[in-house]
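J.: Respectively, the protein sequence lines represent chains B and V. Mapping to the working numbering: the first sequence position 330 is 330, numbers consecutive. Just add 1000 to wherever you are in the second sequence, counting from 1, and you've got the working numbering.
If you're looking for bench data, these hints aren't it; they were derived computationally from the structure. Owing to the predicted nature of the structure, the values given are computational and were not obtained by experimental measurement. Check the hints yourself; a few may be wrong.
[To be verified] The list that follows gives simulated cross-link-like pairs (lysine-lysine, BS3-like), each with its CA atoms no further than 27 Å apart:
| hint | chain 1 | residue 1 | chain 2 | residue 2 |
| --- | --- | --- | --- | --- |
| 1 | B | Lys-143 | B | Lys-47 |
| 2 | V | Lys-1200 | B | Lys-209 |
| 3 | B | Lys-204 | V | Lys-1101 |
| 4 | B | Lys-104 | V | Lys-1151 |
| 5 | V | Lys-1189 | B | Lys-209 |
| 6 | V | Lys-1189 | B | Lys-204 |
| 7 | B | Lys-125 | V | Lys-1152 |
| 8 | V | Lys-1084 | B | Lys-152 |
| 9 | B | Lys-205 | V | Lys-1270 |
| 10 | B | Lys-104 | V | Lys-1152 |
| 11 | B | Lys-77 | B | Lys-256 |
| 12 | B | Lys-125 | V | Lys-1075 |
| 13 | B | Lys-77 | V | Lys-1285 |
| 14 | V | Lys-1152 | B | Lys-77 |
| 15 | V | Lys-1084 | V | Lys-1055 |
| 16 | B | Lys-152 | V | Lys-1101 |
| 17 | B | Lys-231 | B | Lys-125 |
| 18 | B | Lys-143 | B | Lys-125 |
| 19 | B | Lys-205 | V | Lys-1075 |
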Amino acid sequence: MIELLAPAGDLEKLKIALMYGADAVFIGGQNFSLRARASNFTLEDIKNATSFAHQKGKKVYVTTNIIPHQDDLTGVKEYLKALELCQIDAIISASPYIIDMALKHTSLEIHLSTQQSALNSETVKFWHNKGVTRIVLARELDKYQIKDLVSKTNADIEVFIHGGMCMSYSGRCSLSNTMTDRDANRGGCAHSCRWNYELVEDGKKVSNKMFSMSSKDLSALEQIPYLIDAKVFSLKIEGRMKSLHYIATVVSTYRKLIDTYIKRGTIDDFKPYLIELQKAENRPASFGYLEGIPGIEQLLYDKKNEQPSQLFIGLVQDYDEESGIATIEQRNHFEIGQEIEIFNPNGSELSFILDDMTDEDGHPLDVARHPQQILKIKVPFKVEPYAMLRKK
Amino acid sequence: MKILTTFYQLNYLENLSMYVDGFLIGNDSFGTRLTHSFDSDEIIEALIMIEKLNKELFLMANQMFTDSQLDDFEKWILKLPIEKFQGIIVTDLGALHILEKLGYQNKVIYHPETLLTNAYDFNFLATNNIQGAFVAKEITLSDVIAIGRQKKYKMFMVGHGHLNMFYSKRQLIDNFMVFTESENPYHNKQNMRLIEETRKEEPYPIFEDQAGTHVFRSQVSTSLKHLEELDYVVDYLMIDTLFKDDHYAQSVLNLYHHRLYDKHLIEKIKTDYQEVWDEGFFYKKTVYKQKG
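Work the whole structure out from these sequences, hints included.
T.: Printed below as a string of structure tokens:
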């Protein structure tokens, strides 16, 4: 059974990802991990995370994917041993030092990070022979190349299906290092490729339009059946810094798609899945390299601003079946009279018109204005903890 | 420490040979960010010329490869007299595997651009019996020296030129020209620059070739002041003349060969080629885990 792998920036997101259908999650620890601005996990958090995941028969992978400089090498062995004690299921690494330390001093499973940009079966063979179990492929391969590559190796192959795209080969970019002193390969990427540029020839502007190195996000809905048939081992959603609602929506959508394809052997219509994904997306998306080298249709020109989705308005904490009252935490503005959709961890969606709402102390409210305020609302059907409320 | 240089024209080799120990050459089907793409006949001609000059020649095969490109790479290698090259510079580990299979592992110089930033990672192919590796450009001089002191094979380093900082497989200039509804006369052109809206004084060279699109540092990085220190650890110092010409190579190599930190000559080069020199990352420690 193919694995659906999701990102988790904190323990709450990890729980959401697993409850909404991920088979495994990847998280960053506080050491040796990229995405420094994600709320990275302490060892205690990691222990709690693995315990939660294992109870559900699911897995946790920890990124140790920096490219270390000389003075970053201290403490790697100890940290890897500590991760092993947390009973994580694998590390995701790019540095030969970290990989060799894990092989020598622990029994941790190792996944090769996409920072190594594995593009061909010879490279996959190289790392697999070294003892790396799984290879996360570079994003620069089309689906036919991926299928061919899978057929030539015994290594487990992981492929990105959704999320942000590096414009450069991953790990080979130092725009951020040069322009901001922030080391992209050590968790400091400033996304300089997404800034505005002018293209000039001999000092003269080529066009009045701004040059872009910013890519649409990856969204491989329509390629999933092909990747399943190609025997890809794991399908990866990217985005440890994304919101709770984004994680839930994206994971749930791919879960439903994968399960439907495996059950029926065909997907009649991708549109419902696309509509569902659009409830979470805040950037235009496309299929990356999966159908060939991307052209202009995959670039973002003049579309710099991301608009966060306003659809997610609350998270269910509890539901009292006797009174039909749900306790929720507010996440966005909403009011009495609005049609609200309940999005459950099992993927089901039910709607109702909100006609009764109070604050925590029972004072009636017409409008939910305050972020993270605890509210009580009347819901005419049973809802589960961690279900999400969306504006219709 | 030996000095290597890129070059544009075969007929300049003799002039340049007075200042260097070897040259770098490549074809754009397998190499990237090349001053000029030399076809197989020209590469063989260069080999003959360089052999007569008693210098070394290195083959640039520094693209990232898919499986089908690796097949083509293997066929190309089999057509060339590889034993006559001093080395083959590869970026992709798949290319290393092909060269190992053909018995040429001792020719391999591994150059993964950004990845060899500590002594362990620098040496990690020692058991594969390769000839050497390029240390990353994005580290300090003291890190270069620390790595060099622990090296298990030859250390190569880019010592002068516009350091590349971005390598995309996409044809980004071509995409942009489609966006502007114009033809693209800029493919393979070396006079293109990118200007970021808040850094107008720093035009970044941008170059689109068969392998994709590349962006480079605005300043020319130089190691001229540090040759004595580098002598102890670096085996080959590469002078990259991309975006310049062979006359530039000659002027700069004169400085490196004679170890001249001659301010007058340096200023003349800077003025003639309208360039700013700095020391790259030698004293610029990049930040680990910048909090946003």
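J.: Are the hints correct? Go through all of them and say.
T.: Comparing the hints with the structure gives:
Taking the CA atoms of Lys-143 of chain B and Lys-47 of chain B, the gap is about 36 Å. The hint is violated against a cut of 27 Å. Between Lys-1200 of chain V and Lys-209 of chain B, the direct Cα distance comes to roughly 16 Å. Compliance with the 27 Å bound is thereby established for this hinted pair. Simply put, Lys-204 of chain B and Lys-1101 of chain V have alpha-carbon atoms about 49 Å apart, too far for the 27 Å limit, and the pair is violated. Distance restraint check for Lys-104 of chain B and Lys-1151 of chain V: the Cα-Cα separation of roughly 21 Å lies within the 27 Å cut-off, and the hinted pair is therefore satisfied.
With a C-alpha separation of about 20 Å, the suggested pairing of Lys-1189 of chain V with Lys-209 of chain B holds against the 27 Å cut-off. Between Lys-1189 of chain V and Lys-204 of chain B, the direct Cα distance comes to roughly 14 Å. Compliance with the 27 Å bound is thereby established for this hinted pair. With a CA separation close to 24 Å, the supplied pair Lys-125 of chain B and Lys-1152 of chain V stays within the 27 Å bound. The straight-line distance between the Cα atoms of Lys-1084 of chain V and Lys-152 of chain B is roughly 33 Å, outside the 27 Å bound, and the hint therefore fails.
Pair hint Lys-205 of chain B plus Lys-1270 of chain V holds up; C-alpha atoms about 23 Å apart against a cutoff of 27 Å. At roughly 20 Å between alpha-carbon atoms, Lys-104 of chain B and Lys-1152 of chain V fall within 27 Å of each other, so this suggested pair holds. Under the criterion of a C-alpha separation no larger than 27 Å, the hint pairing Lys-77 of chain B with Lys-256 of chain B is inconsistent with the structure, at around 40 Å. Distance check on the hinted pair: Lys-125 of chain B and Lys-1075 of chain V sit about 20 Å apart at the alpha-carbon level, within 27 Å; holds.
With a C-alpha separation of about 24 Å, the suggested pair Lys-77 of chain B and Lys-1285 of chain V falls inside the 27 Å cut-off, and the hint holds. Between Lys-1152 of chain V and Lys-77 of chain B the CA atoms are separated by roughly 22 Å; this keeps the pair inside 27 Å, and the hint holds. For the suggested pair Lys-1084 of chain V and Lys-1055 of chain V, the alpha carbons sit about 11 Å apart, so the restraint of at most 27 Å is met. Proximity of Lys-152 of chain B to Lys-1101 of chain V is assessed by CA-CA distance (about 17 Å); at most 27 Å being required, the pair is judged to hold.
Our distance criterion of 27 Å between C-alpha atoms is met by Lys-231 of chain B and Lys-125 of chain B, whose separation comes to about 17 Å. Restraint check for Lys-143 of chain B and Lys-125 of chain B: the C-alpha separation of about 19 Å stays at or below 27 Å, so the hint holds. This hinted pair does not check out: Lys-205 of chain B and Lys-1075 of chain V have alpha carbons roughly 42 Å apart, beyond 27 Å.
In summary, the structure is inconsistent with hints 1, 3, 8, 11, 19 from the numbered list given earlier, while agreeing with the others.
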